[in-house]
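> Chain by chain, the residues:
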Amino acid sequence: MANHWGIVAEFDSASAIYHAAERVTAQGYTKVDAHTPFPVHGLDKALRQGPSHLGWLVICCGATGICLAQLMMWWMNAVDYPMWVSGKQPYAWPSTIPVTFELMVLLSAFGAVFGMFGINKLPRFHHPIFTHTQFHRVTDDRFFLSIDSTDPKFDRAATAKMLESIGGKHVELLEEE
Amino acid sequence: MTATMTVPPIQMVAPHVVIRVKDGDLRTSQMALLGVGAILLAVSLGLGMTSHDPARFYFSYLTGYMGVLGITLGALFFTMVQHITRAGWSVGVRRIAEHVTAAIPVMALLYLPIAIGGFDHLYGHWANAEIVAGQPNYDAIIAGKSSYLNKQFFFVRAGLYFAIWIGLSMFFRRTSLKQDETGDPALSLRMSRIAAPGLLLFALSTTFAAFDWIMSLDPHWFSTMFGICYFAGGFMSFLAFVALLARWITRQGYLREVITTEHFHDIGKLMFAFMVFWTYTNFSQYMLIWYANLPEETTWFAHRKEGGWSSVGTILVFGHFLVPFVLLMSRHIKRNAITLSLGAAFLLVIHWIDMQYLVLPNYHGGHGTEHAAHVVDPATLSAAGHPSFGHDLDLWLHNINLHDGLCYIGMLCLVAGITLMFVRKHNLVPLRDPRLAETLSFQNI
Numbered sequence: 001m002a003n004h005w006g007i008v009a010e011f012d013s014a015s016a017i018y019h020a021a022e023r024v025t026a027q028g029y030t031k032v033d034a035h036t037p038f039p040v041h042g043l044d045k046a047l048r049q050g051p052s053h054l055g056w057l058v059i060c061c062g063a064t065g066i067c068l069a070q071l072m073m074w075w076m077n078a079v080d081y082p083m084w085v086s087g088k089q090p091y092a093w094p095s096t097i098p099v100t101f102e103l104m105v106l107l108s109a110f111g112a113v114f115g116m117f118g119i120n121k122l123p124r125f126h127h128p129i130f131t132h133t134q135f136h137r138v139t140d141d142r143f144f145l146s147i148d149s150t151d152p153k154f155d156r157a158a159t160a161k162m163l164e165s166i167g168g169k170h171v172e173l174l175e176e177e
Numbered sequence: 001m002t003a004t005m006t007v008p009p010i011q012m013v014a015p016h017v018v019i020r021v022k023d024g025d026l027r028t029s030q031m032a033l034l035g036v037g038a039i040l041l042a043v044s045l046g047l048g049m050t051s052h053d054p055a056r057f058y059f060s061y062l063t064g065y066m067g068v069l070g071i072t073l074g075a076l077f078f079t080m081v082q083h084i085t086r087a088g089w090s091v092g093v094r095r096i097a098e099h100v101t102a103a104i105p106v107m108a109l110l111y112l113p114i115a116i117g118g119f120d121h122l123y124g125h126w127a128n129a130e131i132v133a134g135q136p137n138y139d140a141i142i143a144g145k146s147s148y149l150n151k152q153f154f155f156v157r158a159g160l161y162f163a164i165w166i167g168l169s170m171f172f173r174r175t176s177l178k179q180d181e182t183g184d185p186a187l188s189l190r191m192s193r194i195a196a197p198g199l200l201l202f203a204l205s206t207t208f209a210a211f212d213w214i215m216s217l218d219p220h221w222f223s224t225m226f227g228i229c230y231f232a233g234g235f236m237s238f239l240a241f242v243a244l245l246a247r248w249i250t251r252q253g254y255l256r257e258v259i260t261t262e263h264f265h266d267i268g269k270l271m272f273a274f275m276v277f278w279t280y281t282n283f284s285q286y287m288l289i290w291y292a293n294l295p296e297e298t299t300w301f302a303h304r305k306e307g308g309w310s311s312v313g314t315i316l317v318f319g320h321f322l323v324p325f326v327l328l329m330s331r332h333i334k335r336n337a338i339t340l341s342l343g344a345a346f347l348l349v350i351h352w353i354d355m356q357y358l359v360l361p362n363y364h365g366g367h368g369t370e371h372a373a374h375v376v377d378p379a380t381l382s383a384a385g386h387p388s389f390g391h392d393l394d395l396w397l398h399n400i401n402l403h404d405g406l407c408y409i410g411m412l413c414l415v416a417g418i419t420l421m422f423v424r425k426h427n428l429v430p431l432r433d434p435r436l437a438e439t440l441s442f443q444n445i
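Line order of the protein sequences matches chains A and B.
Residue 115 in my numbering sits at position 115 of the first sequence, with consecutive numbering throughout.
Residue 7 in my numbering sits at position 7 of the second sequence, with consecutive numbering throughout.
Just chain B, same shape as in the assembly:
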């Protein structure tokens, strides 16, 4: 089908909208974000890789990496969902999401430390397992999984995931930018058609990436819900990230007519929804495992009762669900610039703690690691025989280290800096998107 007409230029639709960042404007912030991100990461990589326990560092790095990767993948998902639903409200927000996805190639580069230096430290449990029958430490379970869990296929899959993500993100970003010039409405149709198989590919690749990169840290354990749990947290965090970034950009005087209280309200609603969705998936995973009570499944949660991690479980129940559920429920909270930003910042911190909960216990006394499980001092046990929350909290705060924070914040700053770089370089809004006028007059009922 060929389009018979083109979308009029924005000057005709909305002459008041500022379409470009002024030359040199926001440059300092972009450089600061990129600089701080690069320095934090470089310091962390330098100190961590040369430390006496590089394995611990790679677990920190993976924590930060998966946290921020989830945000960039969330941006890709957001872009595709807007196209497949032909959403009118989000045209302005979508341009920022498109620029966030431009950071995925950088995330591919940042995967290299995991692939090169960290592989044996992180995945040695299955990669170096004895899987030939008759060997002294023969591991029958890993032998059974070895046709999937082997080093060659692992890296082939990693390459495939990045190829899918980078391919999709480049297609949507470039087509959208191309429409700025041609105003061809057929491009919108094309994007909504590609979004359908794109979302399928995205769902499969993200699920298996979560299996490969986090779940295989504990290769005896498995959960088919694991991928969606990872995705739910990542997409929520992307929405928190874009709420903060868009707020900051509007405070600099740009996009004010395009991303208004109405749009922030919608971003807040989605953020709230996916915060609840995270709870839904995580609880579903927990309840089925708890109910069936099969040792090969409960082991994952059993390890998270050691080494202080049960306090983190409690923190997540409150911080990733109950507290934000009550605080973000009200319409007034989501429509208020300050409270929405505070909620978004809080959820970005909680997302980091969630990633710790998924990754770090595999180092701290997790199954198959040679690091001794922490022995609980009987004096700190509560009446029920469990260590008290305070004791566990203390232990957790001792177990996490500087690198857990440096890697996450460093990569977050890098992604924000890259996004800002493209925001400055390209048009602020999809100038000739057929649904731009709808975005500009969008109101919540």
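Excised from the complex, chain A in its bound form:
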């Protein structure tokens, strides 16, 4: 049991996978994911996925950028090597804003990109879902619904049968790598 990654089923259209997602989550499955050639509006809601936590990470990174920039410029310009340029104070706030802004943007962007990588456990060389015989068509014209074996409701036989009953084709049980 533990050496199974999950079950994957193929669907023909965006609307088919949308309704399949609704029915699967309605039955109480929680570890469900969809793989589609293009974004399908509302699919995240049909999958009952909660909001992403990435925003919180980004705001923390942005705040760090602001503090770091201020600390850096205050220490360099007013403490370590005070310099008076054209009558401005060594630490004059208007002159610090552009660097503060840039560092905030830089760290926020790092937080967003690398945070997304981290949450998705990327990069990785392989994923069990690629062993599905039809999965190469996900970049073309097919839609796939996967149910993780760690789902509390997961049952090899019952889950596969359920996916077939809602119109899934090529329902395959995939091995853990």
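Hints in this document: simulated from the structure, not taken from any laboratory.
Using N, Cα and C, we set each Cβ at its ideal position, and we do this for glycine too.
Be a bit skeptical, because a hint or two may be false.
Partner residues are not named here, just some residues of chain B that face chain A (Cβ under 10 Å, in silico) [what the hints assert, rightly or not]:
1. 156
2. 158
3. 162
4. 277
5. 283
6. 287
7. 291
8. 293
9. 330
10. 331
11. 389
12. 442
13. 443
Which stretches of chain A does chain B cover? Using the computed rule of at least three CB atoms under 8 Å from a CB of chain B, they are [what the hints assert, rightly or not]:
14. 60-72
15. 157-171
Listed next, the in silico EDC-like pairs over lysine to aspartate or glutamate satisfying Cα-Cα at most 20 Å (straight line) [to be verified]:
16. A/161 with A/177
17. A/45 with B/438
18. A/45 with B/266
19. A/88 with B/296
20. A/45 with B/262
21. A/121 with A/175
22. A/88 with B/297
23. A/45 with B/297
Knowing the structure of chain A, use the given hints to seat chain B on it.
Chain B in isolation, oriented as in the chain A frame:
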């Protein structure tokens, strides 16, 4: 290129959408807005023009006028940007924006008090300057600018600005309404093509209007960023205005399927973005002037440290940026009807204070005005030698008057009333816009 097919009627795309306001519905609100607006403006004009200090009144009038003009110009900009980007989400909102632009001819009429009665009070500093060498009060700087800053060219330009704005707004509004009947998708293409030169004309005319009507109040001073600062505040306020108006219309039972939480979320995002953009442009202007420290440039900010205006500078930093930045950042705030409306109303008030900051200090002790600068009582100075915030706030609240508020609110009510009048008169949504179906199913990711 001719279209080979037409967009199907809305009854086929979305039979559930209500397309017209019921006869007589919303009429009371429209009349109330128009009535209140007209009365407030009439009272203010009557009292102000006959008061002992009409100059002060015209500064109030200009404050309100530029504030509301920015909103109507924001509507024109919004309409053109939706066309040039071929936006799908905004088709329903765009119809309201088109009706807001229908108020621009009325704004042209409301310009008359400035042109006729207010001109010498507002722009006398350059219009009546002595610009012939050898005169006792010869003003070399204004003499150098006199080929641009002279009364004749000033009014020619004013006419040109209104011609551009009215021409563009009539084209986009009428073409959109025409598409309701013909369903010709080529009209959409035509509008997106005209939007490109339209936006160029809009940018130039709005920039120079801000130069002419606000910046020339202090004709020795100049800033090439001034026009974009004015535009940024105006467009933000248009988005706040349309968020409130659309919310109110949906509460009356119309447009509910067309302007949903998803669309309000997008309006909120744009409003937030242009609130930040206002900060960006204003800070850029401030920092360059502060850094270079050239007397002919710093004078503008120096006058805004007098007469209580430094407290308004502080209020704008917090009210036009820091506070709304924190409050409106969250997705949940923008998707909630009450919090988004509160934020929009707050920004409309802040926009009014921003206009005061641009216009009124030129009356209160600004450069070239004969009104004495306020003398600061040494007892109120803080340790650093500046008047305290509380003292300045007090002074500001004494310096502004009823007319500053009456003119702004009066014109705001008029524009809302005119918009509502056209909302009632025409189809609620662009019935046969090729992107209508996209609007109806629009969702934020």
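> Does the closest beta carbon of chain A sit nearer than 10 Å to the beta carbon of residue 293 of chain B?
holds, 7 Å
> Under the criterion of a CB-CB separation shorter than 10 Å, is residue 330 of chain B in contact with chain A as hinted?
holds, 9 Å
> Three or more residues of the stretch 60-72 of chain A near chain B by CB distance under 8 Å?
violated (count 0)
> Is the coverage entry for the stretch 157-171 of chain A by chain B consistent with the three-residue Cβ rule at 8 Å?
Our answer is that it is violated, as 0 residues pass the Cβ test (under 8 Å) against chain B, missing three.
> Any CB of chain A closer than 10 Å to the CB of residue 162 of chain B?
violated, 38 Å
> Hinted pair, alpha-carbon criterion (20 Å max): residue 45 of chain A, residue 262 of chain B. Please report holds or violated.
holds, 14 Å
> Have a go at the residue 291 of chain B hint: is there a Cβ in chain A nearer than 10 Å to its own Cβ?
Hint on residue 291 of chain B: holds, closest Cβ of chain A at ~7 Å, below 10 Å.
> Against chain A, with CB atoms and a cut of 10 Å, does the hint on residue 156 of chain B hold up?
violated, 39 Å
> Regarding the pair residue 88 of chain A and residue 297 of chain B, is the alpha-carbon distance no greater than 20 Å?
Given pair residue 88 of chain A, residue 297 of chain B holds - Cα atoms ~17 Å apart, limit 20 Å.
> Under the criterion of a CB-CB separation shorter than 10 Å, is residue 277 of chain B in contact with chain A as hinted?
At about 13 Å, which exceeds the 10 Å cut-off, the nearest Cβ of chain A leaves the hint on residue 277 of chain B violated.
> Is the interface hint for residue 158 of chain B satisfied, with its Cβ closer than 10 Å to some Cβ of chain A?
violated, 35 Å
> Minimum Cβ distance from residue 389 of chain B to chain A below 10 Å?
violated, 17 Å
In terms of the numbered hints stated before, the structure departs from hints 1, 2, 3, 4, 11, 14, 15, 16 and 23, listed from lowest to highest.
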